[in-house]
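There are 2 protein chains.
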Amino acid sequence: MKEFKTTYPDENYTVHVGHGIFNETLQYYTSGYDDVLYIVDENVHAHFKHTVIKHIKAPVLTRSGEAAKTAEAFMQLVESLLERGIKRSSLVVVIGGGATGDAGGFAASVTLRGVDFIQVPTTLLAHDSAIGGKTAINSSHGKNLIGAFHRPRGVIYDLDFLTTLPEPEILSGFGEVYKHALLNSEKAVTVLMDRTAGGIKAEDLEDSIIEGIRTKMYYVSEDEFESGSRKFLNLGHTLGHAIEYEYKIPHGHAVMLGLYAMMFISNNETDSGLFDLEAHQRYFSNLGYPMEILETLDPVRMLKYMKHDKKNTSDDTVGFILMNNDFQPYFTEIGTGKMVKYIRAMKESL
Amino acid sequence: MKEFKTTYPDENYTVHVGHGIFNETLQYYTSGYDDVLYIVDENVHAHFKHTVIKHIKAPVLTRSGEAAKTAEAFMQLVESLLERGIKRSSLVVVIGGGATGDAGGFAASVTLRGVDFIQVPTTLLAHDSAIGGKTAINSSHGKNLIGAFHRPRGVIYDLDFLTTLPEPEILSGFGEVYKHALLNSEKAVTVLMDRTAGGIKAEDLEDSIIEGIRTKMYYVSEDEFESGSRKFLNLGHTLGHAIEYEYKIPHGHAVMLGLYAMMFISNNETDSGLFDLEAHQRYFSNLGYPMEILETLDPVRMLKYMKHDKKNTSDDTVGFILMNNDFQPYFTEIGTGKMVKYIRAMKESL
Ligand SMILES: NC(=O)c1ccc[n+]([C@@H]2O[C@H](COP(=O)([O-])OP(=O)(O)OC[C@H]3O[C@@H](n4cnc5c(N)ncnc54)[C@H](O)[C@@H]3O)[C@@H](O)[C@H]2O)c1
Ligand SMILES: NC(=O)c1ccc[n+]([C@@H]2O[C@H](COP(=O)([O-])OP(=O)(O)OC[C@H]3O[C@@H](n4cnc5c(N)ncnc54)[C@H](O)[C@@H]3O)[C@@H](O)[C@H]2O)c1
Chain H
1 MKEFKTTYPD ENYTVHVGHG IFNETLQYYT SGYDDVLYIV DENVHAHFKH
51 TVIKHIKAPV LTRSGEAAKT AEAFMQLVES LLERGIKRSS LVVVIGGGAT
101 GDAGGFAASV TLRGVDFIQV PTTLLAHDSA IGGKTAINSS HGKNLIGAFH
151 RPRGVIYDLD FLTTLPEPEI LSGFGEVYKH ALLNSEKAVT VLMDRTAGGI
201 KAEDLEDSII EGIRTKMYYV SEDEFESGSR KFLNLGHTLG HAIEYEYKIP
251 HGHAVMLGLY AMMFISNNET DSGLFDLEAH QRYFSNLGYP MEILETLDPV
301 RMLKYMKHDK KNTSDDTVGF ILMNNDFQPY FTEIGTGKMV KYIRAMKESL
Chain P
1 MKEFKTTYPD ENYTVHVGHG IFNETLQYYT SGYDDVLYIV DENVHAHFKH
51 TVIKHIKAPV LTRSGEAAKT AEAFMQLVES LLERGIKRSS LVVVIGGGAT
101 GDAGGFAASV TLRGVDFIQV PTTLLAHDSA IGGKTAINSS HGKNLIGAFH
151 RPRGVIYDLD FLTTLPEPEI LSGFGEVYKH ALLNSEKAVT VLMDRTAGGI
201 KAEDLEDSII EGIRTKMYYV SEDEFESGSR KFLNLGHTLG HAIEYEYKIP
251 HGHAVMLGLY AMMFISNNET DSGLFDLEAH QRYFSNLGYP MEILETLDPV
301 RMLKYMKHDK KNTSDDTVGF ILMNNDFQPY FTEIGTGKMV KYIRAMKESL
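One line per chain: the protein sequences are H and P, in this order. Note that UniProt numbering has the first sequence beginning at 1, numbered continuously upward. Note that UniProt numbering has the second sequence beginning at 1, numbered continuously upward.
Treat the hints with caution; some may be incorrect.
With a straight-line cut-off of 16 Å between C-alpha atoms, the simulated EDC-like cross-links for lysine to aspartate or glutamate are [to be verified]:
1. P:Lys-304 / H:Glu-83
2. P:Lys-338 / P:Asp-316
3. P:Lys-5 / P:Glu-224
4. H:Lys-304 / P:Glu-83
5. P:Lys-54 / P:Glu-24
Simulated from the structure, these hints should not be mistaken for lab results. Bear in mind that the values here come from a model prediction, so they are computed numbers and not experimental data.
Next comes chain H alone, as it looks inside the complex (with noise of 0.2 Å):
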């Protein structure tokens, strides 16, 4: 097992990362709490009732995906927690992917005003979204709207979990594991790239998610409430989350495009060939990501979207972060003439 400590002045927790270390860590957190309750997706749910959580009673249950993230679906888990007698000392355990670990994060914020909580991230791309304290349901306005920061007491990345987790979810997953490597260094990136470029297996990844970890936790630390530096993790996430919300694909495979988008913008604004776009292009489309959505997008629509973004402040530009020629990233406003351009531009291109 491999652990790594957040850094931030005080209220430091634990990433636990390993093959079957799900049980054994987890006894070591709720022993200081009266009682335990557990949020599990159903998915994780149906697949390990029977074997690894399989000493969970009366698990609090969320719908599979964003289905989770309706206030609808987040103030019925709240009540739950509330019916089954959740005290401010009870420590509540939040096992699956990203959707649960969003809302089950939030309502562990929100439940009394704030009661301790464990996640237990079951997907790749909750490697990521597990980590770091931020926690969120949707709006009717835009993906992540409302929402709370709330650190978690610890997390526990039992990869095994990963075994039964469908293909899709694999190639979500991926788009936070090479966003982290580009945000740390050219070289993680190529590594990444021939790691997998007979396909993606999660076994392969191990070393690249830890990467991945800790270039997260970095960021998180440094900058919790996302004033200066944890922005950068945004890296494809502005057009990511338009697109996200517009044609309803999965969160990683938003991201991708997102990314793509980035690179091709970051080559134009920087006017260099920092990013090989071909190669790229051909890259994500032989993993399987929908790239011809790019061709499809609606200049305008995206702006409306990328406008509601929460890290937006200003109404005639966009915040984007870009990487620049050293493979920095980089925070800018685009104008919102100048970003419908480079979309259109980015369409011809492909």
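Go by the hints and put chain P with the ligands onto chain H.
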């Protein structure tokens, strides 16, 4: 105008109290923000839309009373803020009684994972609720079970708002004024009883309100997250909340009955005549509090509600604040059996 500042290590805020201070004081706050959104209690809006708040365009109105604190009303409130294009750099100004303050503050806390807000209390009770950063909505399992700690950036208490407050609301708000006097000193209680011997008038209470604000600020600055002394502010509230929930009477009325029960139990626990129960019964009745409800309490139902209280951590006791012979509040756990007996004994004594 009087001004008081919290004494946290950082992020302190000022409570401004005075007559006709709303607009000028607000200006001082709004200048630093990109835009300002208003959440206004529907009754306050009806009373003041042609005068002191006439400059406010497109406010989000909240329904009067606890109707503002249902899950549905709350989610609609958040969606309305998003609908109006709220950004992280926006300021939310919440104008109304404790219910609007609680729902509005909680909405500010979770919209975009938190935006700044100002409390503008307009009821007598809200001299209390607007201070301390506790926000909440109600659950089907009890009051205020879903919420957040979210400090306002400032509190503007313009006493002119109180002029339109209906009598029952004055009576309700007085419950917290009385509680603060109890927490303040025996002298403060005597003074307050003298001031109100002939009935409660808001204009006679200004000094007591200001003392109440200082008492509240002392406790919330000392112990923001209620791990210690802040619990004392719960004087009268454990049973009070249960009564409020069961009988649907105003918060302050229920608190006053809860304070009477506290006096009854304190006298019994300390085996003293600290409180003159008969005099208090007469005084509360004369002012118009529904003391007769105390004679109808179902101890077992009351216990059930009390056990749902956030402050309770154990199954066979109820956490309760009492007062000792030195007129100091203290926290104690009362066994459930004993509590049932106390409620029965109090019923018989009335
Ligand atoms: N909080 C953050 O910082 C953050 C960061 C990135 C993404 N997110 C959020 O994460 C969500 C996406 O997360 P996700 O991709 O994990 O999606 P998800 O949680 O919807 O899970 C994807 C699917 O896999 C199933 N599943 C989960 N674990 C499984 C397992 N071990 N075996 C079989 N099936 C399993 C789920 O039931 C679901 O059907 C989005 O809502 C996104 O907004 C949050
Ligand atoms: N957050 C805290 O620390 C805290 C502390 C105590 C109470 N509370 C909460 O406060 C709430 C009770 O507050 P409240 O007693 O102010 O009730 P309220 O907000 O329901 O207001 C009472 C009534 O007065 C009306 N009103 C408000 N201002 C008015 C004005 N100036 N003129 C005429 N009418 C006006 C309202 O529309 C409502 O009908 C409860 O929900 C309670 O849980 C919170």
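Hint check results:
With a CA separation close to 13 Å, the supplied pair P:Lys-304 and H:Glu-83 stays within the 16 Å bound. Restraint check for P:Lys-338 and P:Asp-316: satisfied, since their Cα atoms lie roughly 10 Å apart, inside the 16 Å limit. Only pairs whose Cα atoms come within 16 Å are accepted, and P:Lys-5 paired with P:Glu-224 is accepted, the gap being roughly 14 Å. Distance restraint check for H:Lys-304 and P:Glu-83: the Cα-Cα separation of roughly 13 Å lies within the 16 Å cut-off, and the hinted pair is therefore satisfied.
Taken as a hint, the P:Lys-54 and P:Glu-24 pair is honoured in the structure, with Cα atoms around 14 Å apart against an allowance of 16 Å.
In terms of the numbered hints stated before, the structure departs from none.
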